[in-house]
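Asks: Which chain is which? The protein sequence lines are Y and U, in order.
Going left to right, the first sequence walks through residues 82 to 192 as the numbering used here numbers them.
Going left to right, the second sequence walks through residues 3 to 118 as the numbering used here numbers them.
Be careful, since some hints might not be right.
Pair by pair, the computed Cβ-Cβ distance ranges are [to be verified]: (1) Y:G174 with U:E111: 26 to 32 Å; (2) Y:D88 with U:P88: 30 to 36 Å; (3) U:E61 with Y:Y120: 23 to 29 Å; (4) Y:R122 with U:C15: 32 to 38 Å; (5) U:V5 with Y:S107: 29 to 35 Å.
These stretches of chain U come out as covered by chain Y in the derived footprint (C-beta under 8 Å, 3 or more residues) [said to hold, decoys possible]: (6) 67 to 74; (7) 82 to 90.
With a straight-line cut-off of 16 Å between C-alpha atoms, the simulated EDC-like cross-links for lysine to aspartate or glutamate are [claimed, not checked]: (8) U:K68 with U:E89; (9) Y:K191 with Y:E96; (10) Y:K148 with Y:E84; (11) Y:K123 with U:D67; (12) U:K57 with U:D67; (13) U:K43 with Y:D88.
Think of the hints as simulated: they come from the structure by calculation, not from any bench.
In this text, a Cβ means the ideal position worked out from N, Cα and C, and glycines have one as well.
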Amino acid sequence: QKEVEQDPGPLSVPEGAIVSLNCTYSNSAFQYFMWYRQYSRKGPELLMYTYSSGNKEDGRFTAQVDKSSKYISLFIRDSQPSDSATYLCAGRGNAGNMLTFGGGTRLMVKP
Amino acid sequence: GAVVSQHPSWVICKSGTSVKIECRSLDFQATTMFWYRQFPKQSLMLMATSNEGSKATYEQGVEKDKFLINHASLTLSTLTVTSAHPEDSSFYICSASVPMGTGELFFGEGSRLTVL
Numbered sequence: 082q083k084e085v086e087q088d089p090g091p092l093s094v095p096e097g098a099i100v101s102l103n104c105t106y107s108n109s110a111f112q113y114f115m116w117y118r119q120y121s122r123k124g125p126e127l128l129m130y131t132y133s134s135g136n137k138e139d140g141r142f143t144a145q146v147d148k149s150s151k152y153i154s155l156f157i158r159d160s161q162p163s164d165s166a167t168y169l170c171a172g173r174g175n176a177g178n179m180l181t182f183g184g185g186t187r188l189m190v191k192p
Numbered sequence: 003g004a005v006v007s008q009h010p011s012w013v014i015c016k017s018g019t020s021v022k023i024e025c026r027s028l029d030f031q032a033t034t035m036f037w038y039r040q041f042p043k044q045s046l047m048l049m050a051t052s053n054e055g056s057k058a059t060y061e062q063g064v065e066k067d068k069f070l071i072n073h074a075s076l077t078l079s080t081l082t083v084t085s086a087h088p089e090d091s092s093f094y095i096c097s098a099s100v101p102m103g104t105g106e107l108f109f110g111e112g113s114r115l116t117v118l
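Isolated chain U, as found in the complex (with noise of 0.2 Å):
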């Protein structure tokens, strides 16, 4: 299958700072890349929709001031999690497909962050 790479995979920061999540398609070129993110013992929450050269599309209640995404490439989505607070400490995810396929979501690794 196609392969999509996170990174960091593991990030401690200070409250008040800022963290950059990358997630890169490494196989193929992805005009759309979906970020979730996860609790422990819960399932997968779409947080936004990540389009190659325009704004990303936000999940109702998440928000977007405190989420950047940029997807300035067609392999490469950033997210930025800023003024972080403990309450973000969480199990983020990316995801892309491939274009013109059949439609199978690859994941990336997953970035986990702890904010303290």
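Only chain Y is shown next, with the shape it has when bound in the complex (with noise of 0.2 Å):
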């Protein structure tokens, strides 16, 4: 079992509809977490960044951390064609930096 796990998708959406993305992970000293989006051939950009459970807002999207049932989730509001990209969730423990990404989730926003 990996540490962190992703439906890889893809999944399709119509523009303006509310994404739900998700991430269920099994080590217990993660603390911090993270999303991240990466377009096709480009590096991945940092989206979100939340410590422990609890939720953070920033624009259109939202993240959301529940450490009681290790599941993480990343929304997404009036969905646009432009956030068609691959979403990546991370998390790692207090010590040292090392994240520990899941496969990935590809979304497709369609006009």
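With the hints as a guide, bring both chains together as one complex.
Replies: Next up, the structure:
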């Protein structure tokens, strides 16, 4: 079992839809959680960063962490075609800075 | 966020030659950088952790003599693919985190290597 699991998709939604992207993880030591967006043939770009359980909102994006169920979510409101990309979740513990990534979910937002 | 730059972004080489990819942290000093490899439609595969002034730590299954990593300064790490073969064709991405920061990794733009 991978430490961080993600449905690879592709997830196809119409423009304007609310998108829910999810990850599960198995390492109880994870305290920091991140979401990255990767466009084709580009390096990943940090979208959201959260510490421990709770919600964090930034514009159309909301990151949610539930440590009790080891579940991480990213919500995208009013999705746009420009949101079409692969979304990677990642977690790490307190020590060091090595991230463990999920496999990524490919999102397609159709106009 | 912090800026990490990679060069070249795209390189084509002949089989048997060596290729060097540079990773620079532009606005911060990075004691640790990470090198990843990514195949089409797959996630990031960590190859090695590059530590400034010391030897890199390679992940299991990654040939250290094949993928030479040098982290000679706090702002530069290089990955050299030696005696490249077509199976080394891939997307290589480096990342770094800001020291004493909150631990977010910032990625370079990636380097696409095609070995003919």
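Asks: Against which earlier hints does the structure fall short, listed by number upward?
Replies: 4, 6, 7 and 11
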